[in-house]
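Enquirer: Below, each chain spelled out in residue letters.
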Amino acid sequence: MAQKEARPAEGKLSGQGIINELIRNMELGQFEMNYSVLLPCVFSLYLHPDDHARLAGVFDLIAEDARRALRARVAQLNSRPSLFGMKRGKPPKEYKIACRDWVLDFLPDSEGTVPLGDVEIHSELSETPQPGFRGTKTTLMDRDPSVTSSRSAAITRKSSDTVYAEIRYEDDSGPQLYLVSQNEVRVGRGGDDLAMDLALYTNDEVSREHLNLRRDPATGRFYILDKSVNGTWLDGRRLKKGIEEALPDRAQIGVAEVITLSFEVRR
Amino acid sequence: MGMATTVAWRSGVATDPGLLRTNNEDRVYVDDVNGVFLVVDGMGGRAAGELAAQTAIDVIPQELESSAGDAAGRVRQAITVANNRIHRLAQDREEWLGMACVLTLAVVSDDRVIVGHVGDSRLYLVWNGTLRKLTADHSPVGELEDQGELSEAAAMRHPRRNEVFRDVGSRPREASDPEFIQIKSFPFRPEAAILLCTDGLSDMLGSDAISAVVERYSGDPETVARELVAAANEAGGKDNVSVVFVAGPEFLGSESQAMLEARARHSITQVREVPSWWRRALGWVAGRLP
Numbered sequence: 001m002a003q004k005e006a007r008p009a010e011g012k013l014s015g016q017g018i019i020n021e022l023i024r025n026m027e028l029g030q031f032e033m034n035y036s037v038l039l040p041c042v043f044s045l046y047l048h049p050d051d052h053a054r055l056a057g058v059f060d061l062i063a064e065d066a067r068r069a070l071r072a073r074v075a076q077l078n079s080r081p082s083l084f085g086m087k088r089g090k091p092p093k094e095y096k097i098a099c100r101d102w103v104l105d106f107l108p109d110s111e112g113t114v115p116l117g118d119v120e121i122h123s124e125l126s127e128t129p130q131p132g133f134r135g136t137k138t139t140l141m142d143r144d145p146s147v148t149s150s151r152s153a154a155i156t157r158k159s160s161d162t163v164y165a166e167i168r169y170e171d172d173s174g175p176q177l178y179l180v181s182q183n184e185v186r187v188g189r190g191g192d193d194l195a196m197d198l199a200l201y202t203n204d205e206v207s208r209e210h211l212n213l214r215r216d217p218a219t220g221r222f223y224i225l226d227k228s229v230n231g232t233w234l235d236g237r238r239l240k241k242g243i244e245e246a247l248p249d250r251a252q253i254g255v256a257e258v259i260t261l262s263f264e265v266r267r
Numbered sequence: 268m269g270m271a272t273t274v275a276w277r278s279g280v281a282t283d284p285g286l287l288r289t290n291n292e293d294r295v296y297v298d299d300v301n302g303v304f305l306v307v308d309g310m311g312g313r314a315a316g317e318l319a320a321q322t323a324i325d326v327i328p329q330e331l332e333s334s335a336g337d338a339a340g341r342v343r344q345a346i347t348v349a350n351n352r353i354h355r356l357a358q359d360r361e362e363w364l365g366m367a368c369v370l371t372l373a374v375v376s377d378d379r380v381i382v383g384h385v386g387d388s389r390l391y392l393v394w395n396g397t398l399r400k401l402t403a404d405h406s407p408v409g410e411l412e413d414q415g416e417l418s419e420a421a422a423m424r425h426p427r428r429n430e431v432f433r434d435v436g437s438r439p440r441e442a443s444d445p446e447f448i449q450i451k452s453f454p455f456r457p458e459a460a461i462l463l464c465t466d467g468l469s470d471m472l473g474s475d476a477i478s479a480v481v482e483r484y485s486g487d488p489e490t491v492a493r494e495l496v497a498a499a500n501e502a503g504g505k506d507n508v509s510v511v512f513v514a515g516p517e518f519l520g521s522e523s524q525a526m527l528e529a530r531a532r533h534s535i536t537q538v539r540e541v542p543s544w545w546r547r548a549l550g551w552v553a554g555r556l557p
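Which chain is which? The protein sequence lines are A and B, in order. Positions 1 to 267 (our numbering) are the ones given, in order, by the first sequence. Positions 268 to 557 (our numbering) are the ones given, in order, by the second sequence.
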């Protein structure tokens, strides 16, 4: 880079800064045993909410870079002959981690303890939390509750993949938010031997498998396919059954005139 | 209360201190006749957490019975009375100060389920082979998970998952406080089931694992409740764990024996024994081998 000043501007969090802090945290968290030294491999990184929002799109890239840096650091630690160990003819202790790979979670700091441009890192030696770690449940007394009673419960995302789109709707179980993190979403009532990705709790005007959403991984574009008896509407226009159509980034999808899905691509 | 005319549902209960704790601060309450189902997770020192949870169990069913009005109003009222009773009790002894609990209450009335919920215990609805979480966790980790910021797996190992924004008992409350009780109401279809649990279950088992046990239901709700607690303990059992499982009269797990048999019979008509060309070719080759 042409820039002379290597230090980032005051208060601005850089990727290099995060990774340096991770390495420092990993070294501080060493757990030495007889023949090996365990290093922490599960990191929770708390960022100021503004930093978190600013970097939200590149967390995967930062994590990828960080994993490389951590791996390199471990390799370096392992290649350095421990002076005293060598003299006595003992092999140096092996540095290693207790998981397959490093786990990095970027979280917005909800308690206002992390200033802008800073990162607070909590690390653990393994993916299984330590026994008793769970501790006693505590109430955050001084924090204003940020949840309103009308907030909907989201359908839990199972993997840590990126969320491509969100779908808001209200069925007989109340308002719901479905987060699309896969390339195929089957929508319908479902059945005992027909599990839907987005399962609507509703009457049988909605088909067991009513419609499909498909994401083209190459372009990121979504497509919609009606498979129902009572029809699917896209922004007010009824779709032809069995013919796939492109889905706009924002769309109102009518399901048999019973439920409306508000679809929106997340960027 | 005069709400349930015939008891159509079947319920099963299990609660266990888990593998790492000696005392159980969880409490459960089930009244099939009146359709009242409740799980409570106590917070506070050893005895205080248990006292807070027990107070909720003592107060809520009684209040539900004695108060008038619609089901949602009675649910609100009952939880509020429990809150204020716990708070008042806590003033009596220094070691009880700050004691509280989180809870999820379901009342079945006229084929609807009315849920009153505070904290990070949960209510799931099971229908057509899908498990859905209907309560929002009132916790920093739960909020992130509900917004899609955290995956379920990340939430389950999050260092701050023992913090909640709301509880029952740590301060006086009014029933109308919008930041206190989450009320939810939905139809209880005969082929649906509901599951109430404390976080000792949902912190140890992901929704897939919970679903797998529930879908084996073959008519005995106690078995489902017991198997869920056993699975949580097998996964580490780091906390007290409690489960109330309520199956509608026509609920049958999609992986139950009866369902598997029905499907096996059904699928025979669909299987066409037409071997593909390469399979035939392989057979031809195999037949010619020495």
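Keep in mind that the hints were calculated from the coordinates and are not lab data. One thing to keep in mind: the hints can contain errors.
Okay, the calculated beta carbon distance ranges per label pair [as the list claims (entries may be wrong)]:
{"hint": "1", "chain 1": "A", "residue 1": "238", "chain 2": "B", "residue 2": "378", "range": "28 to 38 Å"}
{"hint": "2", "chain 1": "B", "residue 1": "275", "chain 2": "A", "residue 2": "175", "range": "56 to 66 Å"}
{"hint": "3", "chain 1": "B", "residue 1": "446", "chain 2": "A", "residue 2": "170", "range": "18 to 28 Å"}
{"hint": "4", "chain 1": "A", "residue 1": "204", "chain 2": "B", "residue 2": "489", "range": "25 to 35 Å"}
{"hint": "5", "chain 1": "B", "residue 1": "378", "chain 2": "A", "residue 2": "230", "range": "22 to 32 Å"}
{"hint": "6", "chain 1": "A", "residue 1": "168", "chain 2": "B", "residue 2": "321", "range": "48 to 58 Å"}
Glycine residues also receive a C-beta, built at the ideal position from the N, C-alpha and C atoms.
Enquirer: Now tell me, hint by hint, if it's right for this structure.
Expert: Right, here's what the structure says about each hint:
no. : hint                      : in the structure
1   : A:238 - B:378: 28 to 38 Å : 33 Å, holds
2   : B:275 - A:175: 56 to 66 Å : 27 Å, violated
3   : B:446 - A:170: 18 to 28 Å : 22 Å, holds
4   : A:204 - B:489: 25 to 35 Å : 31 Å, holds
5   : B:378 - A:230: 22 to 32 Å : 24 Å, holds
6   : A:168 - B:321: 48 to 58 Å : 40 Å, violated
Against the hints set out earlier in the document, violations occur for numbers 2, 6.
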